Amino acid sequence: MNNTNSPQTEVIRYDDQVVRWFLLAMIGWAFAAFAAGLLIATQLAYWQANFNLEWITFGRLRPLHTNAAIFAFAGNAIFAGIYHSSQRLLKARMFNDTLSRIHFWGWQIIILLAAITLPLGYTQGKEYAELEWPIDIAITVIWVVFAVNFFGTLWRRREKHLYVALWFYIATIVTVAVLHIVNSLEIPVSMTNSYPIWGGIQDALVQWWYGHNAVAFFLTTPFLGLMYYYVPKAVNRPIYSYNLSIVHFWALVFIYIWAGPHHLLNTSLPEWAQTVGMVFSLMLWAPSWGGMINGLLTLRGSWHLLVTEPIVKFFVGALTFYGMATFEGPLLSIKSVSSLGHYTDWIVGHVHAGALGWNGLLSFGMAYYLVPKLWNTELYSKKMANLHFWLALSGVLLYYTSMLAAGITQGLMWQDIDASGRLVYPDFVETVTRIVPLYWVRAISGLIFFVGYLIMVYNFYKTISGAKEAPRDAEVRVPVKNFAATSDGEGHRRLEGLATIFTVLTVIAVLVASVISIYPIINVNQYVQMDKKVTPWSPLELAGRDIYVKEGCYTCHSQQIRKLDFDVVRFGQPSTIEESQWDHPFQWGSKRTGPDLSRIGKKYPDLWHYRHMINPREIVEKSIMPSYSWLVNHKTDFLGLRRKLSVLHQLGVPYDAETIANADIVAQKEAAVIAEQLAKEGAPSGLENQQIVALIAYLQALGQKGTL
Amino acid sequence: MKSVAFANYTDVTLTLIGLGLFVSVFIGSIIWVNLKENRLRYEKIAKNILDEGEQP
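Protein sequence lines, in the order shown, are assigned to chains W and V.
Residues in the first sequence are numbered from 590 upward in steps of one, following this note's numbering.
Residues in the second sequence are numbered from 29 upward in steps of one, following this note's numbering.
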């Protein structure tokens, strides 16, 4: 609402209502993210906490936890901060109130759908991109709504110069759109199922290009934008070096996008791609630390606030964790370090140093800054806020150190080979039971963090309920817009005034790296000698594979034996590019809570798998794997197999027309053979229609499809 | 042509291309922001965000 009071100035009212909503959504959804995290942490320490309920088993809850943490907690924090700071930086109300509300409610509905579908097992099986295709489309639509609203506000702005925080927001909006669309290209099989168009190594590289840059452009650049706004505001001082912030921005945007392959070191990914990922990850040290130092030095002359102001404590804590995580990330990207850390809990600790330490503390600091302002009141208790800070800090530190210790311990045990070339710890479970005490420490650390969060909720409840007047949107007198959307400056100054050109340059910086690093892999057949003798999954094996994906087995088991001696001695010959070429999606995994399964096929009889799935402790006494007893009761979807094979055929998987047309009949015949064998070995008879048989068929086929 | 190019895609080539681009952007932006007129302007801009605007 604009009131023109004079030719030179006008009064505008900011849309703070949508900021309040996003802030409350952040606080509310944080409960789901943290509670789910706490539960799955407990499940790893105490397997009985899976309660033998399929909907809350680790494999299904872990994607819920990560999606809730990233898109619900961090996502709503980002939107709250962007809507609040952008209006003030641009001296303009958001472009369109209706778009703001569509954005808010649309995003909450997406989160709700994720919270419903993931426990039900509707997943694409790709980390941080698990949501099925209808939700993917909804995300795209809502993101476009957000983009239109944001860029519309840029267009209507009354402040010519785009402050650096806005650059980070622009980079976030355009890059997340590119990442989400490319990684989510899929062909639907049904309303709740789809196959990605990428397969095998292509899917692996596209997924980790997405996965890494989801961290970069959803959990880093927007939070850096928030940091560049809220840290100076909190200490009432300008950023230490605006010059450095410009170098920080361009260097970060330019480098980050290249680093995805560091998630695939020592795998069957071509060496050049691994080297590119490693080198660019190391280069990230420079801009990341530049940003951290810039943030911390903003407090020069105001360090006394660290003692008295909880907001400053949260911000300094966040920046410190940002520095630590961005030091450790490149370190873990060195191939030799990765050989120790990859697949272990070290990575989990690293991720949480970033998510809880950097994103969490910054979001909490921002919330403590915003809540009193947006509700026109004082914070109920500074003491509680300080207590929250210390609980959050000790929780994250304990989490990180326990997982660092667990990861290094387990990594070293995996590597331990004696003089005769044999594994010192041949039983995988030995390396798990050794770190279970540290899993308990991690669960306790999560509880500490959670208690701190609950104190914040109570503090905010008292703050808001104690407000003497109803919240109202801020009004401010600003100069009337008196410039066109062009700039009279030169060079970079001119660029900073031209939002469109600035956005295009950012997109180019991102796309150049993406195209160079991904395009060759998309055209993998052009330069890699593919072994055409690798046969695709049979209809029943495919049905079993879909169950494997549905149950989230990839959250604990890898399917990628690295080119490392200790991996080869333990699991068999290194995985090859060819072996997973028909896998849509790829299932290489990123964590080994259980052993690699690439070559598990035919290693044990069918009955072993049957008994192991029903009660893992019957086979491996100290196993922490959940029971999957419901697989005996649930029926295999034979009829849906024709459509599934047909879709995969469209994607290039060499199924012939006869197999596609008779997929259900072929699968039933395969199932009958396995069920008969199981019955002979002592399992109950009549299992041929049950999911357990399909899953056994798939497990028994792993490593059996290609010629080594 | 394309397959030949991809067949010769090596870690050294790609890394050097990327490294060269990055160094150009990095050095270029450092030089640019430290030009005298830009430095003074940026100092002013950095202070702008502390201005909440005049209350009506």
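Calculated from the structure, these hints are not laboratory results.
Computed from a predicted structure; not experimentally measured.
Worth double-checking, as some hints may not be accurate.
What the hints assert, rightly or not - Mimicking DMTMM-like on lysine to aspartate or glutamate, the simulated pairs with C-alpha atoms at most 20 Å apart in a straight line are:
(1) W:1191 x W:1253
(2) W:962 x V:71
(3) W:962 x W:860
(4) W:962 x V:65
(5) W:962 x W:1058
(6) W:749 x V:65
(7) W:1211 x W:1016
(8) W:1152 x W:1005
(9) W:924 x V:65
(10) W:1258 x W:1210
(11) W:1180 x W:1062
(12) W:822 x V:80
(13) W:1070 x V:79
(14) W:1180 x V:65
(15) W:1192 x W:1058
(16) W:1294 x W:1226
(17) V:64 x V:79
(18) W:749 x V:80
(19) W:1224 x W:1253
(20) W:1180 x W:1207
(21) W:1070 x V:82
(22) W:1180 x W:1007
(23) W:1224 x W:1247
(24) W:972 x V:82
(25) W:971 x V:82
(26) W:1152 x W:917
(27) W:1294 x V:79
(28) W:1294 x W:1259
(29) W:924 x W:1154
(30) W:1180 x W:917
(31) W:1070 x W:1058
(32) W:1070 x V:65
(33) W:822 x V:65
(34) W:1269 x W:1253
(35) W:1224 x W:1265
(36) W:924 x W:1019
(37) W:1057 x V:80
What the hints assert, rightly or not - Okay, the calculated beta carbon distance ranges per label pair:
(38) W:779 x V:60: 37 to 43 Å
(39) V:60 x W:860: 57 to 63 Å
(40) W:1192 x V:52: 17 to 23 Å
Just so you know, even glycine gets a beta-carbon here, dropped at the ideal spot from N, CA and C.
Verification of the supplied hints:
| no. | hint | verdict |
| --- | --- | --- |
| 1 | W:1191 x W:1253 | violated (24 Å) |
| 2 | W:962 x V:71 | violated (27 Å) |
| 3 | W:962 x W:860 | violated (53 Å) |
| 4 | W:962 x V:65 | violated (37 Å) |
| 5 | W:962 x W:1058 | holds (12 Å) |
| 6 | W:749 x V:65 | holds (18 Å) |
| 7 | W:1211 x W:1016 | holds (11 Å) |
| 8 | W:1152 x W:1005 | holds (16 Å) |
| 9 | W:924 x V:65 | violated (44 Å) |
| 10 | W:1258 x W:1210 | violated (34 Å) |
| 11 | W:1180 x W:1062 | violated (47 Å) |
| 12 | W:822 x V:80 | holds (10 Å) |
| 13 | W:1070 x V:79 | holds (17 Å) |
| 14 | W:1180 x V:65 | violated (52 Å) |
| 15 | W:1192 x W:1058 | violated (70 Å) |
| 16 | W:1294 x W:1226 | violated (23 Å) |
| 17 | V:64 x V:79 | violated (24 Å) |
| 18 | W:749 x V:80 | holds (16 Å) |
| 19 | W:1224 x W:1253 | holds (13 Å) |
| 20 | W:1180 x W:1207 | violated (24 Å) |
| 21 | W:1070 x V:82 | holds (15 Å) |
| 22 | W:1180 x W:1007 | violated (25 Å) |
| 23 | W:1224 x W:1247 | violated (24 Å) |
| 24 | W:972 x V:82 | violated (32 Å) |
| 25 | W:971 x V:82 | violated (29 Å) |
| 26 | W:1152 x W:917 | violated (23 Å) |
| 27 | W:1294 x V:79 | violated (66 Å) |
| 28 | W:1294 x W:1259 | holds (16 Å) |
| 29 | W:924 x W:1154 | holds (14 Å) |
| 30 | W:1180 x W:917 | holds (18 Å) |
| 31 | W:1070 x W:1058 | violated (32 Å) |
| 32 | W:1070 x V:65 | violated (25 Å) |
| 33 | W:822 x V:65 | violated (26 Å) |
| 34 | W:1269 x W:1253 | violated (24 Å) |
| 35 | W:1224 x W:1265 | holds (17 Å) |
| 36 | W:924 x W:1019 | violated (26 Å) |
| 37 | W:1057 x V:80 | violated (23 Å) |
| 38 | W:779 x V:60: 37 to 43 Å | violated (54 Å) |
| 39 | V:60 x W:860: 57 to 63 Å | violated (36 Å) |
| 40 | W:1192 x V:52: 17 to 23 Å | violated (53 Å) |
In the structure shown, a violation is registered for the earlier hints numbered 1, 2, 3, 4, 9, 10, 11, 14, 15, 16, 17, 20, 22, 23, 24, 25, 26, 27, 31, 32, 33, 34, 36, 37, 38, 39, 40, in ascending order.
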